[in-house]
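Peer 1: The residues making up each chain are set out below.
There are 2 protein chains.
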Amino acid sequence: MDLLEQRILEEGIVLPGNVLKVDSFLNHQIDPQLSMAMGEEFADLFGDVEIDRVLTVEASGIAIGVTTALKLGVPMVFARKKASVLMTEPAYTEQVYSYTKKETSNITVLKKFLPAGEKVLIIDDFLANGEAALGLARLVEKAGSQVAGIGIAIEKAFQNGHQKILDAGYRLEALASVAALENGKVEFVEED
Amino acid sequence: MDLLEQRILEEGIVLPGNVLKVDSFLNHQIDPQLSMAMGEEFADLFGDVEIDRVLTVEASGIAIGVTTALKLGVPMVFARKKASVLMTEPAYTEQVYSYTKKETSNITVLKKFLPAGEKVLIIDDFLANGEAALGLARLVEKAGSQVAGIGIAIEKAFQNGHQKILDAGYRLEALASVAALENGKVEFVEED
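Protein sequences appear in the order of chains B and U.
Under numbering that gives the first Met the number 0, read the first sequence as residues 0 to 191, first letter to last.
Under numbering that gives the first Met the number 0, read the second sequence as residues 0 to 191, first letter to last.
Note that these hints are calculated values from the structure, not bench results.
Source: prediction; values computed, not measured.
Honestly, I wouldn't trust all of these hints.
[Said to hold, decoys possible] For the chain B half of the interface with chain U, some residues (derived, Cβ under 10 Å), not all of them:
| no. | residue |
| --- | --- |
| 1 | N17 |
| 2 | V18 |
| 3 | I29 |
| 4 | A58 |
| 5 | A68 |
| 6 | L69 |
| 7 | K70 |
| 8 | V84 |
| 9 | L85 |
| 10 | K101 |
| 11 | N105 |
| 12 | V108 |
| 13 | A179 |
| 14 | L180 |
| 15 | K184 |
[What the hints assert, rightly or not] Okay, the calculated bits of chain U under chain B, using three or more residues with CB under 8 Å as the criterion:
| no. | segment |
| --- | --- |
| 16 | 26-33 |
| 17 | 79-93 |
| 18 | 153-159 |
Positions of the beta carbon are idealized from the N, C-alpha and C atoms, including for glycine.
Use the sequences and the hints to build the structure in full.
Peer 2: Below is the structure:
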């Protein structure tokens with residue numbers, strides 16, 4: 000997605016440890032026009048499959064999850080990283096390790112918002128080692144539903160999440176695929 | 000806002016301790032069409048004041064924050080309840096106590112995303128004791144900006160946040176104002 004790649008080149012900051020900061024438009028300050036354009040792009044990319052629901056995880060997945068769901072005309076649900084004290088009903092929980100934060104979270108969705116027999120599109124802002132996306136996929140399958148696909152705003156294609164998702168048999172669409180983050184410079188995967 | 004009040008009557012669940020659960024459309028599962036309608040309503044309600052930026056707090060404020068900002072054509076920033084390990088730059092932080100969760104969070108925004116001299120619209124999903132909204136307002140003022148107004152999806156007008164916000168001199172607009180939550184029933188404030 001040219002618009003997103005352009006924005007990454009203009010505003011992305013590369014830090015040691017293969018970190019790409021895009022907090023000026025994606026995950027702290029948010030550009031709502033870009034969020035809407037990303038939602039439309041996800042809806043187009045997965046336009047050939049049936050989708051009943053969008054699933055994401057707080058907090059950075061919510062803006063693009065809601066615009067994607069809006070465009071698809073389906074509900075969105077976000078997994079919580081910390082169960083609210085109000086979440087007293089039966090829930091599905093999966094452990095997800097964050098390499099960036101060096102901590103494990105229990106991502107949780109109430110069962111009533113992840114019914115069986117649906118086709119669920121997973122949306123998230125970043126893909127690196129695939130922990131969050133695969134944790135969300137396990138939630139969907141625990142619920143007796145099917146993963147319709149996994150849509151990622153920015154994937155770091157040189158880390159192992161990309162291949163893990165393909166190996167698990169899921170369809171993956173990334174709006175921007177980063178091939179390398181060397182010498183402070185972002186290089187994208189060349190399109191076929 | 001009739002659409003929101005109707006939805007609260009249909010799906011809201013009243014629990015002991017003046018808790019109103021609306022997790023089927025506002026803060027866990029999200030109805031993206033309703034989020035868009037709420038954003039349009041906030042933009043209309045504050046249409047007479049200058050707004051440079053929308054500020055909300057993760058996680059439940061994000062969906063309506065982004066739709067409001069989209070409609071206003073301004074950026075949105077969400078305060079984090081837990082600073083990310085990537086947030087190493089200078090930040091503004093305020094303590095906010097949650098009566099529901101019985102815990103204090105440090106809500107944090109990077110200074111570069113809350114520049115001085117702006118008019119900032121604060122958006123949040125719920126207003127009860129006003130802790131979150133007033134914490135966000137303190138962040139705005141620390142930054143040398145002005146609070147253009149406070150927009151709340153659902154206020155519990157019988158708790159003290161409503162009056163605290165008015166006493167502090169802020170303009171408050173709530174899309175649904177709950178007058179009482181007695182005997183498991185939601186009663187709205189009657190409009191003038």
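Peer 1: All the hints need checking, so say for each whether the structure fits it.
Peer 2: Tested hints:
no., hint, verdict
1, N17, "12 Å, violated"
2, V18, "7 Å, holds"
3, I29, "5 Å, holds"
4, A58, "4 Å, holds"
5, A68, "4 Å, holds"
6, L69, "4 Å, holds"
7, K70, "8 Å, holds"
8, V84, "5 Å, holds"
9, L85, "6 Å, holds"
10, K101, "7 Å, holds"
11, N105, "15 Å, violated"
12, V108, "8 Å, holds"
13, A179, "19 Å, violated"
14, L180, "14 Å, violated"
15, K184, "19 Å, violated"
16, 26-33, "holds (count 6)"
17, 79-93, "holds (count 5)"
18, 153-159, "violated (count 0)"
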